[in-house]
Structure formats: structure tokens, C-alpha cells
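Asks: Sequence:
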Amino acid sequence: MKEAACASCAGNQNHPKVLYLHHTKEVMKRAMRKTIIIAGAAICIICAAVISYAVIERGGRDAIPSQDLTLSDYPKLFEKEAVIVIGENASQIEKESAEAIAANLENLTGNKPEIISSKKIESFKYTYNLIIIGMPKTNPFLEEVHAMTNATRVTEEFPGEGEGVLEILPNPWDESKAMLLVEGSDEWGVKAGGEIIEQTQELNEANIVVGWKESGAVIVKEPPLGQVMSAGKHYPSEPFRIEKYNASEVIEKAKETDHWIRQGSRYGPPYTYYNGSTSKELYVYEEGYIVLKIDQESYTLLLDPENIDNPTNNIYVLLFAPKKDIPLATAREIVENELLEIGINLEYIEKIEWDLNKGFVPPKTELENEGGI
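Mapping to the working numbering: the sequence shown position 44 is 364, numbers consecutive.
It cannot be assumed that every hint is accurate.
What the hints assert, rightly or not - The list that follows gives simulated cross-link-like pairs (lysine-lysine, DSS-like), each with its CA atoms no further than 30 Å apart:
1) K415 - K432
2) K440 - K400
3) K400 - K432
4) K396 - K439
5) K533 - K432
6) K432 - K396
7) K400 - K415
8) K457 - K415
9) K396 - K440
10) K415 - K396
11) K400 - K439
12) K457 - K440
13) K439 - K415
14) K457 - K533
15) K432 - K457
16) K533 - K396
17) K415 - K440
18) K439 - K457
To be verified - Label-pair restraints from in silico Cβ distances:
19) E401 - I358: 38 to 44 Å
20) K440 - Q519: 27 to 33 Å
21) E495 - I356: 40 to 46 Å
22) E495 - E463: 16 to 22 Å
23) S496 - G536: 33 to 39 Å
24) T390 - S443: 39 to 45 Å
25) A361 - L428: 48 to 54 Å
Don't read these hints as lab results, they were simulated from the structure. The C-beta atom is built at its ideal place from N, Cα and C for all residues, glycine as well.
All chains, full assembly: derive it from the sequences and hints.
Replies: Below you can see the structure in the form of C-alpha cells.
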């Protein structure tokens, strides 16, 4: 085999072994570079395969249909791979509620979920069933949940003092997993949810309002339309006034605003007008409620039950005074001004009296007033 001299060894006939060694090193270097390139390519292919498998595995899991979830799916859906999330600044009552739920799950399923701080949620939210506990001011992760889902937005004003919401829905970061929200306007609302959770096996709703009373935790029952007076929350200081108003108009106007619109709340699927700069929310409920909340005061409009099935028509509305003894005229002015901001003008018609026995009595038509009927 003929050896060709390189520049560094040219003319040196006395060191053929050195020449051979030099070329051997060059060959070895080239071979090593090829090996490194091939190994690197192989590693990249393996990594890509692993990532693809993970994506396929995750994507291949069936998402939980949100309309099929009810609170009776607890504890089954939280038997495995579940974690309880509380706020970094959770109160003692909130911590006790988390511990009670963990103990309840252990008793029912044999597995006790870990309780973690909301600051550590990042490594759990993509692969776990989540149970999120707390108030808006103590558990900041709830804000992230509300931004990702149509979950009921609980505030310090809604649903109110001593009340909270239990709600189940798919985990938005992995819809093959479930998420249970145990929220409260205050810590007592959270405590109520923590105790009511043991009863959820018999509840076929996706969300309920709970409350803490002298007797303990209760499920809050809203009175049917026409019986709201019996709830004792909306007694006016003077006779009710009837307003003529178009329900679909409010919904459409609310949609057109640049304020936040969401679905899902206490009474069902409303459209919500929300002003984030101040503490006021306008809920438009398909069942016939309009609730305006401003700084812990609640102003409620109740649609005429006769027309609930046809909300596109002009319908009569009752204006309830807020919880505190505010004159109805003041309440009406507040509500009217807020509705005017989104282009809704309430047309004043007349005053009526509320009959506690008969409930809402619609005003007579012009023909009736003229004695034609």
C-alpha cells in the first residue's frame, strides 16, 4: 500500500511509522465525528418518538363530556391521580376543609389525595384530577380556572355571605380528567362545601349553591318564580314597580360590549355582563332573573313567569329592592343607569302591589281598563 506524505511529514523518509500514525489519527478523528453525528441523530429520533408517543397517548384519551358530569361522579372520578389545591394564604377553616375532603376520599376510595399549595400546581394540572378549594382572595389559581372555563365565578359578593358553590367540570388542561371546585364567598361558604361534599353521591346537578347556617351546612334552595318574596332577601320598602323590557335585547347588547361574557352560574346558563374595573356584575338568566350586584348590594329583576318561555317578546319585570333598606326609587335609578351603559332603557309603566298570597299580578290591558273584558 502506497503511503502519501502530508505537508507536515513531506520528505521525511526516516519516520514512516510517524507518517502512518499521523494518518491513523486523522482517520480516527473522522470516524469519531461520524459516530457523534450518527449518535446525535439517533438521540433526536428517540426523543421525537417519545414526545410523539406522549402526545398520542394524551390525545388518544377521551375527553369527559362536560354535559355528562354531575356531582354524583364524586368520589369515583377522584379515586386515583387526584390532588387537592389550596391557596398559599388559606385560612385555618379552608385548610380544615381540605383535610376533611382528603379524609372523606380516603374513606370512600382507599386513596388519600395530596394537599398542595396553589404555587405548586404547575406540575400537577396537566395530569391530575383536581379538587380546588378556597376563596378568590386566598386561592389565586381560581382566577386561572375561571379564565380557562365556564365555571361559576364566585366573588365576595356572589353567591353571598356564608355561601359557596360546589361545581364539577372537566379539567381544562387535560379533559380526560375531572375538576371539582369548592369555592366560597367567604371561608364559611368553603366550609359548607367541604361538608356537603359527602352528600354529592345523590346530586345530579353539575353545580349547586351551599351555605353555612346555624344548623350547619345546607344546600341553598332558590324559591321558584313568583315566590321570591318568601326568601326574605328582597323585601322592598314600597310597592313594586313594573318595567317593560326585552330579555333578548339585554343579552344581545351585553354580547356587544367589551366586557366579560361567560356561561354558567347559580341559576343556570346566564349571559353575564361584568365590569372588571369595579365590583358590579349583571347576570341575565334564561330562567327569568336579572341580578345586578354592586358593592355587595343585590338588585334583582324578576321576569313575569307567564312569559319566560318566550323571552323574545316584551315582558313585564319586577324590580326588587336590595337587601338593605334602600328606597325603591333609588334602587331603580341605580339599575336603570347601569343598564343604560349597555344601551338598555327600562320604560316605566306603573306601580302595583305585591299580593303575598297570589304573587305577581300582571297589570290590566287597555281593553280591560276600558271595561271591554
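Asks: Work down the list of hints and note, for each, if the structure agrees.
Replies: To see whether the hints hold, each was checked on the structure:
1. K415 - K432: Holds, at roughly 15 Å.
2. K440 - K400: holds (19 Å)
3. K400 - K432: holds (9 Å)
4. K396 - K439: holds (27 Å)
5. K533 - K432: Given that 30 Å is the threshold and the Cα spacing comes to 29 Å, the pair holds.
6. K432 - K396: The given pair, whose Cα atoms are some 13 Å apart, holds under the 30 Å limit.
7. K400 - K415: Between K400 and K415 the Cα gap is close to 21 Å, so the pair holds against 30 Å.
8. K457 - K415: holds (15 Å)
9. K396 - K440: holds (25 Å)
10. K415 - K396: holds (23 Å)
11. K400 - K439: holds (22 Å)
12. K457 - K440: Holds - the C-alpha atoms of K440 and K457 are around 17 Å apart, at most 30 Å.
13. K439 - K415: holds (15 Å)
14. K457 - K533: holds (22 Å)
15. K432 - K457: holds (27 Å)
16. K533 - K396: holds (29 Å)
17. K415 - K440: holds (16 Å)
18. K439 - K457: It holds: about 14 Å lies between the C-alpha atoms, which stays within 30 Å.
19. E401 - I358: 38 to 44 Å: holds (39 Å)
20. K440 - Q519: 27 to 33 Å: The hint (27 to 33 Å, Cβ to Cβ) holds, given that K440 and Q519 are roughly 30 Å apart.
21. E495 - I356: 40 to 46 Å: Given range 40 to 46 Å: holds, Cβ gap about 42 Å.
22. E495 - E463: 16 to 22 Å: This hint holds: roughly 20 Å between Cβ atoms.
23. S496 - G536: 33 to 39 Å: holds (36 Å)
24. T390 - S443: 39 to 45 Å: Taking Cβ atoms as reference, T390 and S443 lie about 29 Å apart, which means the hint is violated.
25. A361 - L428: 48 to 54 Å: holds (51 Å)
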